[in-house]
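So the chains spell out like this:
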Amino acid sequence: MDKFDRQLRLWGKHGQLELSKAHICIIGNTLLASEILKNLVLPGATKFHLIKETSYVKSDCFLDVEDLKSINEHAEFNEETWNAHLMGNQEYWRYFDLIILTTRDVSVIESIRCLPMPPMLACNWREYHGYACFVSQEPHFVTECHRQHKSPDLRIDKPPQPLLNFYESIKPSQLSQEQLNDLPFAVIIYHALKSLKENCTKIDRSSLRIEIRRLHEKTLPGPECLNFIEAERYLYLGLQDSEIIPDNLLKCFSLASSECVVPFNSMFTDMISSLKDYLKHPSSEHQLPLSGLIPDMESSSEMYNAIQEAYLRCASKNLNTFADIVTSHNASVPLSQIKNFCSNVQNVRGVVPASHIPTEQDCRTVKQITPAAAAILRKLVKSKHELETIRPSFVESRDELRYYPTCSLLAGIVAQEAVKILTHQFVPLENTLIYDGKAGQVYRVKL
Amino acid sequence: MADLADVSILVLGAGGLGCEILKNLAMQGIPDIHVVDMDTIELTNLNRQFLFRESDIGQSKALVAARFINEKNIMGLGGRPVVVTAHFQDLTLLDRKFIERFTLIVSGLDSIEARRFMNMQLVRITFESRFEKCIPFIDGGSEGLKGHCKTIIPGFSACYECSLDTLPAKIESYPLCTVSNNPRLPEHVIEFLMSVQWAQQHPDRDFDFDSKEDLQWLMDEAHARARQFNIDTSKLTPQFVLGVIKNIVPSVASTNAIIAAQCCTEVSKLLYNEYDIGEAPNFLVYNGDDGCFAYSFVHERVSTCLVCRESIQ
Ligand SMILES: [Zn+2]
Numbered sequence: 001m002d003k004f005d006r007q008l009r010l011w012g013k014h015g016q017l018e019l020s021k022a023h024i025c026i027i028g029n030t031l032l033a034s035e036i037l038k039n040l041v042l043p044g045a046t047k048f049h050l051i052k053e054t055s056y057v058k059s060d061c062f063l064d065v066e067d068l069k070s071i072n073e074h075a076e077f078n079e080e081t082w083n084a085h086l087m088g089n090q091e092y093w094r095y096f097d098l099i100i101l102t103t104r105d106v107s108v109i110e111s112i113r114c115l116p117m118p119p120m121l122a123c124n125w126r127e128y129h130g131y132a133c134f135v136s137q138e139p140h141f142v143t144e145c146h147r148q149h150k151s152p153d154l155r156i157d158k159p160p161q162p163l164l165n166f167y168e169s170i171k172p173s174q175l176s177q178e179q180l181n182d183l184p185f186a187v188i189i190y191h192a193l194k195s196l197k198e199n200c201t202k203i204d205r206s207s208l209r210i211e212i213r214r215l216h217e218k219t220l221p222g223p224e225c226l227n228f229i230e231a232e233r234y235l236y237l238g239l240q241d242s243e244i245i246p247d248n249l250l251k252c253f254s255l256a257s258s259e260c261v262v263p264f265n266s267m268f269t270d271m272i273s274s275l276k277d278y279l280k281h282p283s284s285e286h287q288l289p290l291s292g293l294i295p296d297m298e299s300s301s302e303m304y305n306a307i308q309e310a311y312l313r314c315a316s317k318n319l320n321t322f323a324d325i326v327t328s329h330n331a332s333v334p335l336s337q338i339k340n341f342c343s344n345v346q347n348v349r350g351v352v353p354a355s356h357i358p359t360e361q362d363c364r365t366v367k368q369i370t371p372a373a374a375a376i377l378r379k380l381v382k383s384k385h386e387l388e389t390i391r392p393s394f395v396e397s398r399d400e401l402r403y404y405p406t407c408s409l410l411a412g413i414v415a416q417e418a419v420k421i422l423t424h425q426f427v428p429l430e431n432t433l434i435y436d437g438k439a440g441q442v443y444r445v446k447l
Numbered sequence: 001m002a003d004l005a006d007v008s009i010l011v012l013g014a015g016g017l018g019c020e021i022l023k024n025l026a027m028q029g030i031p032d033i034h035v036v037d038m039d040t041i042e043l044t045n046l047n048r049q050f051l052f053r054e055s056d057i058g059q060s061k062a063l064v065a066a067r068f069i070n071e072k073n074i075m076g077l078g079g080r081p082v083v084v085t086a087h088f089q090d091l092t093l094l095d096r097k098f099i100e101r102f103t104l105i106v107s108g109l110d111s112i113e114a115r116r117f118m119n120m121q122l123v124r125i126t127f128e129s130r131f132e133k134c135i136p137f138i139d140g141g142s143e144g145l146k147g148h149c150k151t152i153i154p155g156f157s158a159c160y161e162c163s164l165d166t167l168p169a170k171i172e173s174y175p176l177c178t179v180s181n182n183p184r185l186p187e188h189v190i191e192f193l194m195s196v197q198w199a200q201q202h203p204d205r206d207f208d209f210d211s212k213e214d215l216q217w218l219m220d221e222a223h224a225r226a227r228q229f230n231i232d233t234s235k236l237t238p239q240f241v242l243g244v245i246k247n248i249v250p251s252v253a254s255t256n257a258i259i260a261a262q263c264c265t266e267v268s269k270l271l272y273n274e275y276d277i278g279e280a281p282n283f284l285v286y287n288g289d290d291g292c293f294a295y296s297f298v299h300e301r302v303s304t305c306l307v308c309r310e311s312i313q
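As given, the protein sequences belong to chains P and Z, one line each in that order.
Per my numbering: the first sequence = residues 1 to 447.
Per my numbering: the second sequence = residues 1 to 313.
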C-alpha cells in the first residue's frame, strides 16, 4: 500500500505528481503559515520557498521546519528574508506555481500588491474571524471537477453514427420475452423514442413513459424487470438535446479568450479553441466528443459488454478526430491531457479569481451585498501583526489561546484550495471566503 | 463553566481528526487532555496523522500521540503544563465514573456505534443528575473533501441519536442475481467472491482481511471471473479491490484540519461562555468538492428520540 493511498482515491497519481513538483512560496513567518505548511507537506508537496518578514518574531508554532522534514524527508524548504528591492520586482515571483500570502506586514503587502503575480491565495485571521481569497490575473480552469452526480452521457436522442449502428442492430419486435429482459435501459429508451417519431407522436415525458410501458407489457406476465424500471427512471435522458452545449462549457468558451501564463490554463485554452473547430467538423455531428463512460445498466453481461464496446469505440473515434485538431493548434499538448479533456468535456469548469489582494475599498463593495461579511473583512484587511508578536509567556496572553482553532481552520481551507488550484482538480473558491467562527457562518463573496 | 485551569477534555479517537483536535486543544492551553483509541498506526495514516512517523507503525495511536504532544512542553491555562494522557483501549468499555470527570468530550471517530454509546452515556449523566451535570459532546466527521461538526448539549439540544437520520444512506448493495448471473462491473465480481464463493470454498472460516493468502485468493479469483465475463481487468488492482472490500473512504489532511478546528472553536465558545444553547447553530456541514461550501443550522431535538426523550426518566 502507498502512504498516499487515502488521497490518491481523490486526485489520482497524476494529481499527486502535480502536487509533488509544484513550487510553492509562502510569505510570512506566521502561525497560519506554519499550519498551512503542515497541511501541504502531509499530502506530499515538496518544494517550498518560505519568506520571513524582518519586522517581528512570531510566537511558538506547533511544528517547526525540522518537524516537517521528519514528515517528508524529500521536502525542501528554502528560507529567505524579505528584501523589498529584490522582491518588489515581478521577475522574482514568476517561477512559483502558487504564492500563499499570510503576512500581516503592511509594507510587504503593499510592495507586491501591484505586481503581476502567479496565482495567489491571500489569507488572514483574527479572533474568531478569517478570510481566504484566490487572486489571479487569469481565469482558472478545471478538467476534472469530480462531480458526484453526473448525468450519464448517452446521446439517446441523437446517437452519432457509430452508436446509431449499434442501436439499430437490435430489433425489439423480434426479441423473445427473455431477451427483452436483458435490454439495457438506453436501448429501451432509444426504441421507444424511435417508435414515437415514426408515429409522429409529440415527444414528452408522458408519451415516452407510455411507450416504454407498452414495450414493458410484452414481457408480462413475468418476473419484475429492473431494466424497464431503470428505463422509466432515466427517461429524461431521451428528452435531452445532445447538441446543446452546457453552460459551464460556454463559460469556459468566453473565459478562454484571455491570454494565460499558467501552463495548464494555456493548454486548456488551446483545447477550448480546438473544441470550437471540432464542433464544425462533420464527424462530430455538432456534438461534443463522447466520454465513452456509461453507467451500470441492468442487463446480461454479454449485452452490457456490447453496449459498452459501442460507446468506447465511438469515444475513441471522437478522441482521434479531436486530438488531430488539438495537435494542429499546439503540438506540445500531451495525449493524456487531450484524453482527459475528452472524457470530462461535459463537466469542465472555468473560475474567475479576484484580480487583486483585498483592500478596504473592497469592503465597501461587499457591504452592499453582505454587510456582516464586510465588517469582518474590514477588520482583517486592516489587521496588523499584534497577534503574532513575540509572547513573553503563554500565560500572559491566555485570552488569545482560545482563538487558535480559527488559525487552524483557515490553514485547512487554504491548503485544500492550494491542492485544488495546483492539480486543476475540484473547483476552487470563486473568489473570496469570509469565516465567522463565532456565528458558525461562512460567507462567499466576489471581489 | 468551571475555572479554566481545571478544565479537562476527553478526545475520542487519535486518527486524522484526533491528531488535529489534540494539537488544537494543546495550543488552546487545555491543561488536562485524555485520548482514547484502540487502533495502531498504519502506513496509510501518514498522509494526514502528523503526530506519527514511519518508525511508529504498529504502535498505539493514543500512546504515540500523547508522547508527541507531551514532549513539546506546552504551557497551558493557569500556568499548568499541557499533559495528554493516553488510553489504548476500546472506548465502549470506559466506565461512567471515568466519563463523568470531564468538562467536555470531543470526538473524531469514524464509528457510528462508538458515538452512539458515548451519546447515550452523556444523556444519562444529564438526566440522572437532574440537569446538575451536563458534559457537552462535540462530534466531528470527515470523508474526502466533506465533513461535519455537531455540538450536542446532552439533555438540552439535539443529541447524536436525534440527528442520525441526517447520515447519508448506506451504499446500496448489488442484487444477488446481478452479481451471480450478470456481473458487468469489477465491483460485481468482488461482491460475488466475498458473499458467495468464499463461503463455498472455505465453509470453515471467515475471510481474513489481514491475511496475504486470502487477499491473493481474492485477486486471483477476481481476475479469473472478470475474464470469464469479459469484464475489463485493468481496474482490478490491489488498491481498488481493498477499497471495495474494506469500504475505504478517501481522507486528506486539509479536511481534517477544517473539521477538527470547527470542533475546537465550539470548545472555546463553550469554555468562555460564548455559546448560546438553543440559539447557536449546532450542526455545520462542509463541502470542498465544488468551491468552498459550509452551511450551519440549528438541528432541533426529535421529540420521539429514544435516547433523549425525557419521559423515559
Ligand atoms: Zn436525541
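Take the hints with a grain of salt, since some may be wrong.
With the Cβ distance kept under 7 angstroms, some of the chain P side facing chain Z (calculated, not the full set) [as the list claims (entries may be wrong)]:
hint, residue
1, K13
2, L249
3, K251
4, F253
5, S254
6, A372
7, R402
8, E430
9, Y443
10, L447
The set of hints was computed from the structure by calculation and includes no laboratory data.
Built from N, CA and C at the ideal position, the CB exists for glycine as well.
Hold the hint about P:L447 up to the distance rule: shortest CB distance to chain Z must be less than 7 angstroms. 15 angstroms, violated
Hey, does the P:S254 contact hint survive, CB to chain Z under 7 angstroms? Where the cut-off is 7 angstroms and the nearest Cβ of chain Z is about 19 angstroms from P:S254, the hint is violated.
Per the CB criterion, is P:Y443 less than 7 angstroms away from chain Z? Constraint on P:Y443 not satisfied, violated at 10 angstroms.
Is the shortest C-beta separation between P:A372 and chain Z less than 7 angstroms? Cβ of P:A372 sits 14 angstroms from chain Z, so the hint is violated.
Hinted contact P:E430 with chain Z - closest CB pair below 7 angstroms: 6 angstroms, holds
With a cut-off of 7 angstroms, does the beta carbon of P:K251 approach a beta carbon of chain Z closely enough for the hint to hold? 14 angstroms, violated
Interface hint for P:R402, Cβ within 7 angstroms of any Cβ on chain Z: 4 angstroms, holds
Measuring from the C-beta of P:K13 to each C-beta in chain Z, is the shortest one below 7 angstroms? This interface hint is violated because 10 angstroms lies over the 7 angstroms limit.
Given a cut of 7 angstroms on the nearest C-beta pair, is the interface hint for P:L249 held or broken against chain Z? 16 angstroms, violated
Hint validity - P:F253 Cβ closer than 7 angstroms to any chain Z Cβ: With a minimum Cβ separation of about 20 angstroms from chain Z (threshold 7 angstroms), the hint on P:F253 is violated.
Hints 1, 2, 3, 4, 5, 6, 9 and 10, counting from the list given before, are not met by this structure.
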